[in-house]
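Engineer: Here is how the chains run, residue by residue.
There are 4 protein chains.
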Amino acid sequence: MKNIKRQHIAVFTSGGDSPGMNAALYGIAKKAEQSGIRLSGIRKGYEGLVDGDLVLLDAHKLQKMVHRGGTFLKTARSKRFLTLEGRQRALRNLQKNDIDALIAIGGDGTFKGLLVFSEICDIPFIGIPGTIDNDLAGTDFTLGFDSAVNTAIENIDKIRDTAESHNRVFIVEVMGRDSGYIAIHSALGTGADAILIPESGQDFVQLLKRAANYNREDAFIVIVSEGDELGAEIAASKIKELKPDVDLRITKLGHVQRGGNPSAADRMLGIRLGVASVKSILSEKKNVMVGVLNNELSLTPFEQVVKQHQVNNELYELVNIFSK
Amino acid sequence: MKNIKRQHIAVFTSGGDSPGMNAALYGIAKKAEQSGIRLSGIRKGYEGLVDGDLVLLDAHKLQKMVHRGGTFLKTARSKRFLTLEGRQRALRNLQKNDIDALIAIGGDGTFKGLLVFSEICDIPFIGIPGTIDNDLAGTDFTLGFDSAVNTAIENIDKIRDTAESHNRVFIVEVMGRDSGYIAIHSALGTGADAILIPESGQDFVQLLKRAANYNREDAFIVIVSEGDELGAEIAASKIKELKPDVDLRITKLGHVQRGGNPSAADRMLGIRLGVASVKSILSEKKNVMVGVLNNELSLTPFEQVVKQHQVNNELYELVNIFSK
Amino acid sequence: MKNIKRQHIAVFTSGGDSPGMNAALYGIAKKAEQSGIRLSGIRKGYEGLVDGDLVLLDAHKLQKMVHRGGTFLKTARSKRFLTLEGRQRALRNLQKNDIDALIAIGGDGTFKGLLVFSEICDIPFIGIPGTIDNDLAGTDFTLGFDSAVNTAIENIDKIRDTAESHNRVFIVEVMGRDSGYIAIHSALGTGADAILIPESGQDFVQLLKRAANYNREDAFIVIVSEGDELGAEIAASKIKELKPDVDLRITKLGHVQRGGNPSAADRMLGIRLGVASVKSILSEKKNVMVGVLNNELSLTPFEQVVKQHQVNNELYELVNIFSK
Amino acid sequence: MKNIKRQHIAVFTSGGDSPGMNAALYGIAKKAEQSGIRLSGIRKGYEGLVDGDLVLLDAHKLQKMVHRGGTFLKTARSKRFLTLEGRQRALRNLQKNDIDALIAIGGDGTFKGLLVFSEICDIPFIGIPGTIDNDLAGTDFTLGFDSAVNTAIENIDKIRDTAESHNRVFIVEVMGRDSGYIAIHSALGTGADAILIPESGQDFVQLLKRAANYNREDAFIVIVSEGDELGAEIAASKIKELKPDVDLRITKLGHVQRGGNPSAADRMLGIRLGVASVKSILSEKKNVMVGVLNNELSLTPFEQVVKQHQVNNELYELVNIFSK
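Residue numbers (our numbering), protein chains in the order written: chain A, 1 to 324; chain B, 1001 to 1324; chain C, 2001 to 2324; chain D, 3001 to 3324.
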C-alpha cells in the first residue's frame, strides 16, 4: 500500500456552497502541481461523478479564483448517487480516467456518501469540511463560516444604523439550521441585545419581555438562528402580544450569507486544507477529513465527523452574559 | 433680499432615515458656522418639534458623523403634529428658542407637513430630499438612493456566487414601495436576468416563462421591487406552477438597504444640499426644496415636490433591453 | 440616415483601466445582440488593433463581468499606433474582419488617436469616457470616477480610525494627476480638515499653519491630490518646519483606487453609455463621445473632448468652506 | 489574597491601535457590570495613567462601539511613564481613585511597562494582546491581525484588477515590521505570485528573476513585508536592473491596515479576551496576558510574552509552495 505513487487526483465540491471552496481548490492544485500529480475537477458534486463530468484543473487558472465566492466546480444534490447503480457508474468514471485518489469538499453528508462509496471503490478518499454552519466535529472552523459571519455582521451593522435612527426593535434571522454558531458570533460581534438559538436553555419569556418592555432611547436588536424553534415571526408576534404598540421589524439575511468573496481567514483555511489534503493522499491516508483542530492540522476518520449541535461552554457562558 | 438677518436655524430629519442625512447635517452646520448663525437640531422629527427636544449642533462634532449611516438626530412619525394643537406647540417651541428658519430633511410627506405648518408659522422652511426611493420630482437623485443601490448590488453580487454554484433561480426583492428605481439600478448593475417593477407594462407571463424554462448551465436572477403587484412569493409560485421541479430561492434584502455608511455620492450630495439649504435661507427663499436637477443646484416649491411613480424613458428602454 | 446597415462592431478599452469598463462592454454587447450586430473585442487597446488581436464577444458571457473591476479586454499603451505604418496595419485588421464601426473606451488621448486614425479609416468611431479622473469635457462624470472616490473614502474612513486614536496629523494622497476631483469629493466625504488641490488658489501657508498648530484633542486629516505642486512629502516637511514635534503620517492610496468592483453608479453609467454608443452607430453618428451631460445622454465631437483642469464654481466654493 | 473583592477596575489601550480594541472594552465592561464592579477607562495609554485622565465606562455605551475601529480610549506613547517619577504619579492616580486592578490592551512593550510598574504597584495587572502584527508568544492570534489582513486582501484584490488589465508587475508593501504574518496571509489569500518576508531564507535572486522574466499574458504580484530587508523600492530597482522595460508599480498600503471596522473574528476575540481578563482578576491572577492558545483561553506570564519573529513550520512550507 505504501508504495503506490498517486498520479491523478480528482476533486469535487458537494452540498451547499461556501466561501473559500475556490481557495481550497487552489491549494490542492498548487500542491498537486508541485508533486507532479494531475488534477481533475468533477463538476456539480456527486452528480458530475455519476455523469463523468470532468475538467482538467491547473494551478494558474485557479490562482485567479482564490478571492472569489461560490465554487468554480459548481455543486448539486444527487439522487442517483444514492443508488448502487449510480455509484457503480461513478466508479467506472473514476476507473476510465485512471483517477487514483478523490478529494471532496463538503459537509457530513458528503463524507457519509464517501463511506458508502468506499464499499465498492478502494482508492483513498479525503474530505475537506466546507459548510458555513461550523457544526462539524474534527475542526475548529469549517470553510465558509468566517465569511458568513462577516457578511452577517456587516449587514447587521447596517441594520443598527436604521434601528437606532428610529429607536426600533429589530429581529434579524441569520443562517444555521442546526446550530447557533453564526447567530452567537454575529450577535456578540454587533453588540446585539439578545440571542435566540436552538441550543440554549434560555428563558425565552424573560428575553421577550426585555424586548417588549424596551423603552430606552435606543434600538433593541435580537439575533435569531434560523433553526431556532421560535423563529423570527413567532418571536415577533409574542413580543407584540406583550406590547402591542412596539415598533418592530424583521429582516432575514438569507442566502447573502452563502456568497461573497471569502474572508481572509477562509482563504487561508482553504489553502491550508487544500495543501493538507494532497499531502494526506501522498502519505497514504484514506477516509479521513483534514481539519484544523486546536489551531493545528488534524485528521478525523469520516465515521467521527458528525454534526455538533451544542456550542461549547465558553460560548454558552458568553450568551448568558451578553443576552441579558 | 429683505434684510432680515437669520440668527438661529433649526434642522430635523423626518420620515424613513436614509444614508447621507448626517452628511447633510454637517454641510448645514459648516455653512451656518461660517455665516455666524446658531444651529439647533430637533430630535425625532416632528415629534421633537412638538416636544421642544432641541440640541445645539456644532460643525466639529458633525464632522465625525459624515461617514455614518442613519441620522444623528433620529427620526420618527408624529401623530400629534397632524393636529392643530400639536402644530401650535411646535410653533411655541420655535418661538421660545428664537428660531427664525427651519430645515427639514425628508420626503414628500415631510414637505407637505411644512406646508400645513406654514399656515401658522411664517419663518422660512427649506427642504432637503432624503429618501432611498429616489421618487421625488425636483431632484435627479434623493439622498440615500445611491447608498441603497450600492448595498443592494453588493448583496446581489453575493447571491450570484451561490446562485451560480447551484445553477439556481433566485428572486431577490429590493426596496421601493412605489417606484422601481432601486430595482432597475440594482438589476442592471448586477447583470440580473429579469426585472419586475410596478411601473412597467411588462409581459409577466413571458418573463415568468423565461425563468421557468431556464435550463442553461447557469443561474437565473430576478429582481423584484417590493412595490410590484406580483411580489416575490407570487412570482415564485407562478414559476413553480410552470415548472414544478425548479430549484428556486427567495431573498428579501429588507432594511439593510436603509443603513450602512453612505456612499461617496450621497456624502457629496448631502454636503451640497446642506450648504445650499443654508444659502437659500440667507437669500430669503422659503417653502422650497433644494435639489440637484440636471446636475445643477435647483429650488422646487414644496407644492411641486410630488412623488414620481414613472421611471423615465431611457430607463424604461433599458428595462426592455436587459429584461429579455 | 445613410441606410448603411452596420453588421460588425468592434470595441476596445484604452489608456488606464477604470471600474465600469466591463459594464460598458455588457451594455454594448446586449444592445448589439438585440440589434442583430456581431460584436468583437480588441484586446489590449490600440496594441491589439495593430496586432489584430480580436475575440468574439457575447452578451451572456459579459453579463457575468458587469460587477468586476478592470477590463476584460485588457488595455495597453501603444507606440506602434503612433506611426502611420501601425495605423495602416490597424486599418487592414479592421477590413480583414469586415468591421464597420468601432467603439473605444478611454480618455482624451484615446479619442485623439481616433481622430488621427479617421484620416485613413472612415468607418464610424464612437468614444466612451473611461477614466477615474473625471476631467473630461462633455460628460458630468467619467466612467470609474465614482468607484475611485468610493474606494478612497472607504480607505480614508479607516485612516480616520487610527488618526483619531492617536490624535495624529495624516496627509493622504489620492489620485488625480491634473485635476482635484477625487481629492475634493473624498475630502468632503470624509470630513477631512484640509484639501490641497492643483486648481485652487488656496492660501497654503495658512493651511499648513492650521495643520501645524493643531492641538485639539483630535485628528487632523489633509487630502492631497497627487497632481498638487506641493505633494504629500513637501507638505509634510513644511508642517514639520512649523512644528517639529508634530505627530504626522503620510499614506498614498495609489493604485487601489483604480481597481475593485465598480460602484452602482459606474455600473449604471457603463451600461447606459454602452447602449448609447451602439445606438449612436445605428443612427450614423461618428467621431463623437457619448456622455451624460446635465443628467441626459449627450454626444460631443472628439475635437471638443478636452481635459477640464478647473473644477466648477460650486466645488470651488465648497473647498473654501470646508478647508478652513 | 483569595478574599479580596475587587471593586474598581481600570483599563487602558496602549501602543499602536488595532481593530477590535473597542470590542475588548465592551467585553470587559459587560462582565464587570455583571460582576458588580465599577469600570474606569484611562485615556491615551500610559500618558493618561500619569495624568489621571479617567472616565467612567458603562457597558451600554460601549455596546455601540463594538463594531468601530480604533480605540475609544485613544492611545499614545509616554516618555514620562518611563521615569520613576512618572510611575509614582501613575500609582497615586490609581490609589486616589481606589482602583484595585488594571487591564492593559497592547503589545509586548505595554506588558514590559506593567512589569516595571509592578515593582511599586501590587494590584493585579492583566494584559490583552492588541497589535495587528500577530507576533506575540502566548496567543494564536493578536487582536487586530485578522482585520488588518482582511483590509490588505481587499485592497490587493483591487490592485489585481488593474494589474491584470495591464499585465503589470506590482509590488505591494504590507505592514509587519518584525514579522511576515500579514504578508504571508495576504499573499496566499490573494493568489500572489511571490512573497518577500524577513523571516524566510528565500532565494531572492531567483524570486526577482521570476518577476523580471515574467512575460505571461498576466499580472505578477509580489507582496513585501515592510520589515523585509529588501523593501519595495530595492526589490523594484533590482527587477528593473534585470529587465529594464518591465511595467512595474509599487503600492504601500500603509495605515489603512490599522483602521476600519474590526472583522468578525476580531470582534469575537476582543469580547472573549475582555471577558476573560475580568474573570482572571476575579480569580486573583496577576501579571499575565490572556490569550487564545490552540483555540482555548490561556494565561501567559508577562515575562514570557516576547515577540515571535519566526513564522511556524506550516506557514514556512506554504511560502515555499506558493512563492515559486
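FYI, nobody ran anything at the bench for these hints, they're computed from the structure. Any given hint could turn out to be false.
Using 30 angstroms as the maximum straight-line C-alpha spacing, the simulated DSS-like pairs for lysine-lysine come out as follows [stated by the list, open to error]:
1) B:K1064 <-> C:K2243
2) D:K3324 <-> A:K279
3) D:K3209 <-> A:K279
4) A:K79 <-> B:K1240
5) A:K238 <-> D:K3243
6) D:K3064 <-> B:K1252
7) C:K2279 <-> C:K2064
8) C:K2079 <-> D:K3243
9) A:K243 <-> B:K1252
10) C:K2064 <-> B:K1209
11) A:K240 <-> D:K3064
12) A:K209 <-> D:K3279
13) D:K3238 <-> B:K1061
14) B:K1079 <-> A:K243
15) C:K2279 <-> B:K1324
16) C:K2279 <-> B:K1064
17) B:K1324 <-> C:K2005
18) B:K1240 <-> B:K1286
19) C:K2252 <-> C:K2324
20) C:K2252 <-> D:K3279
21) C:K2286 <-> C:K2112
22) B:K1324 <-> B:K1064
Keep in mind that this is a model prediction, so the values were computed, not measured.
Engineer: Evaluate each hint against the coordinates.
Structural biologist: Each hint, compared with the structure:
| no. | hint | result |
| --- | --- | --- |
| 1 | B:K1064 <-> C:K2243 | holds, 25 angstroms |
| 2 | D:K3324 <-> A:K279 | holds, 18 angstroms |
| 3 | D:K3209 <-> A:K279 | holds, 29 angstroms |
| 4 | A:K79 <-> B:K1240 | holds, 20 angstroms |
| 5 | A:K238 <-> D:K3243 | violated, 71 angstroms |
| 6 | D:K3064 <-> B:K1252 | holds, 26 angstroms |
| 7 | C:K2279 <-> C:K2064 | holds, 23 angstroms |
| 8 | C:K2079 <-> D:K3243 | holds, 19 angstroms |
| 9 | A:K243 <-> B:K1252 | holds, 26 angstroms |
| 10 | C:K2064 <-> B:K1209 | holds, 22 angstroms |
| 11 | A:K240 <-> D:K3064 | holds, 25 angstroms |
| 12 | A:K209 <-> D:K3279 | holds, 29 angstroms |
| 13 | D:K3238 <-> B:K1061 | violated, 49 angstroms |
| 14 | B:K1079 <-> A:K243 | holds, 19 angstroms |
| 15 | C:K2279 <-> B:K1324 | holds, 18 angstroms |
| 16 | C:K2279 <-> B:K1064 | violated, 46 angstroms |
| 17 | B:K1324 <-> C:K2005 | holds, 23 angstroms |
| 18 | B:K1240 <-> B:K1286 | violated, 55 angstroms |
| 19 | C:K2252 <-> C:K2324 | holds, 23 angstroms |
| 20 | C:K2252 <-> D:K3279 | violated, 43 angstroms |
| 21 | C:K2286 <-> C:K2112 | holds, 14 angstroms |
| 22 | B:K1324 <-> B:K1064 | violated, 46 angstroms |
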